[in-house]
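Chains as they are written, first to last, in the working numbering: chain B, 29 to 200; chain V, 768 to 1091.
Treat the hints with care, since some could be wrong.
Going by beta-carbon spacing under 10 Å, a handful of chain B positions derived as facing chain V [said to hold, decoys possible]:
hint, residue
1, E42
2, K54
3, E136
4, L153
5, E154
6, I188
Between beta-carbon pairs, the in silico distance windows are [as the list claims (entries may be wrong)]:
hint, chain 1, residue 1, chain 2, residue 2, range
7, V, E1023, B, A165, 40 to 46 Å
8, V, I1007, B, K94, 27 to 33 Å
9, V, E1000, B, Q104, 37 to 43 Å
10, B, G132, V, G1033, 28 to 34 Å
11, B, A165, V, R832, 25 to 31 Å
Hints in this document: simulated from the structure, not taken from any laboratory. Backbone N, C-alpha and C define an ideal beta-carbon position, used for all residues, glycine too.
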Amino acid sequence: MDDDAFEEFLLRFEPQLSSSGERYLKLRAKLVKFFQWQRCVDPDGLADEAIARLLNKIFGGAQIEKPWAYANAVAQNIFKEYLRSQGRLTQLQDDWDSAVEEPGEFVECARHCIEQLPDDKRSLLEQYYADEDGREAMARRMGTSLAGLRTRIHRVRAEIRSCYLRCISGSV
Amino acid sequence: MINVTVEDKQEALMVRYLLGLATKEERTQVEERYFSESEYFDQLLTLEDSLIDDFVTGRMPVEQRSAFKEAFRMRKGDVRFARALIQGVTQKKPDAPITAGFVNPIPAQRSLRRTLSESRFSLAIAIAALVLLAISLALAYRSQLLRNRLSDSEAVLSQLKEQNDDAQERLRQEQSLRESSARELEIERNKRIAADSRLQKIERPDSPDAFSDVVSVVLSAAFIPRGTGIAREIRVAENIRWLRFEVFVKRFSKYESYRISIKPAGQKTAVERTSLQAAGAAPTVVTTIPAKELKPGDYILTLYGEKTGLEPAELERYSFRITN
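My request is simple: use the sequences and hints to build the entire structure.
Pasting the structure below:
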């Protein structure tokens, strides 16, 4: 019964996705991003907490009319609690130049992952970054909008990022 | 007159939100919208990518740069990734445009009134000068390449030395921490947690607030690490839907954040959680994973320490077995 309740919650939250797994991942991604955009220290942990509270509510038998509004409200509450517990945000040292200058092997990992892509995706990426001012024309040639082109690039980047993180951790 | 479309206004609002410059009302509007509309959420993600790319390539307007640094100060890893990606795709550093060198102009052709020998001599001098200049430029370029490679190699060597020092320090810490009294204390603590959980189930068997579908797995040096042939067994009943892993990290307090990866023995990583923060008096790193992601079998959980600018360092491994 609890499984059904959660499945129904996910279905109403993301009706356009085809599986419960995808819906769960989308819910979690929105929560993680919410806490990232609020500049929280531990967005993954806070997202887990939000999901635990949603489950608690659902398994308690509550009827949630608007799942997206409820998820938003839970996230907002957790963020307020986080602010109270953190007090004033810690002022981090601004060492942007050294912090973002990547060691050579990070670039090698990126290149390795790009080489693993199918030819069409690699070509798309190369064209996109070769001519920053020509992206609108590139989108028109592909029969899509600039926003549509950016969405495709975002998906390819996500694929590369997954490989890149495994590579820099030594798992690849 | 400039026509500002609805889409332009919407994009400007999204940029303000991502840079932390939106008003409270604007933030509420954006958040309500992306929780309810996945397409809007996807647009925010792609716009975020574009902002990071603009920052990395130097295309971001000056007035936005400070706001970007503030908004992304916890996410320098994302900026590093974008920089590595762009460099990997374009084969050049994104904010170091290649500038063309200048070549001295060939001296103007001499007048026909000059004697033939004088003309030839001057031309020869000019050609020799050009050749020497070309050779000098080539040598300078090669020298710069070698300096860059040396610098990269030194950076890698320095990093490897630090990793080696970390590994030796970890070994010393592990040896001192294997005292039997600390191990017994951990075992007793976990027995208490398990007993509390069982007591809760007995007292309130039907209560949904008891988190009866969550299994907490506490890991620390008290449980025998990998290599000794003994694995922690975790029984996952049918009603269990979540596994909550709690890893004590008191011995590894010098890291900014932590990473947990779980993989079936002998296979690639199945689950990974990054940028985890330690919390509590213990302190402990916690992550919750859907039980269906870990089928019955043997697993290895690896704990990594994360530091800005360095590769994640492996700290500890735990073996466990999932059974029904």
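Evaluated hints:
At a threshold of 10 Å, the smallest CB-CB gap from B/E42 to chain V is about 6 Å, leaving the interface hint in force. Interface hint status for B/K54: upheld, as the beta-carbon distance to the closest one in chain V is roughly 6 Å, under 10 Å. Checking B/E136 against chain V: minimum C-beta separation of about 8 Å stays under 10 Å; hint holds. Hint status for B/L153 relative to chain V: holds, with the closest Cβ pair at about 5 Å, below 10 Å.
This hint holds: B/E154 has a C-beta 6 Å from the nearest C-beta of chain V, less than the 10 Å allowed. This hint holds: B/I188 has a C-beta 6 Å from the nearest C-beta of chain V, less than the 10 Å allowed. Range check, V/E1023 to B/A165: about 43 Å between beta-carbon atoms, so the 40 to 46 Å window is met. For V/I1007 and B/K94, the Cβ-Cβ distance of about 29 Å falls inside the hinted range of 27 to 33 Å, so the restraint holds.
V/E1000 and B/Q104 have their C-beta atoms about 40 Å apart, which keeps the hinted 37 to 43 Å range intact. For B/G132 and V/G1033, the Cβ-Cβ distance of about 31 Å falls inside the hinted range of 28 to 34 Å, so the restraint holds. A hinted range of 25 to 31 Å holds for the C-beta pair B/A165 and V/R832, which are about 27 Å apart.
The structure is consistent with each of the numbered hints, conforming to all of them.
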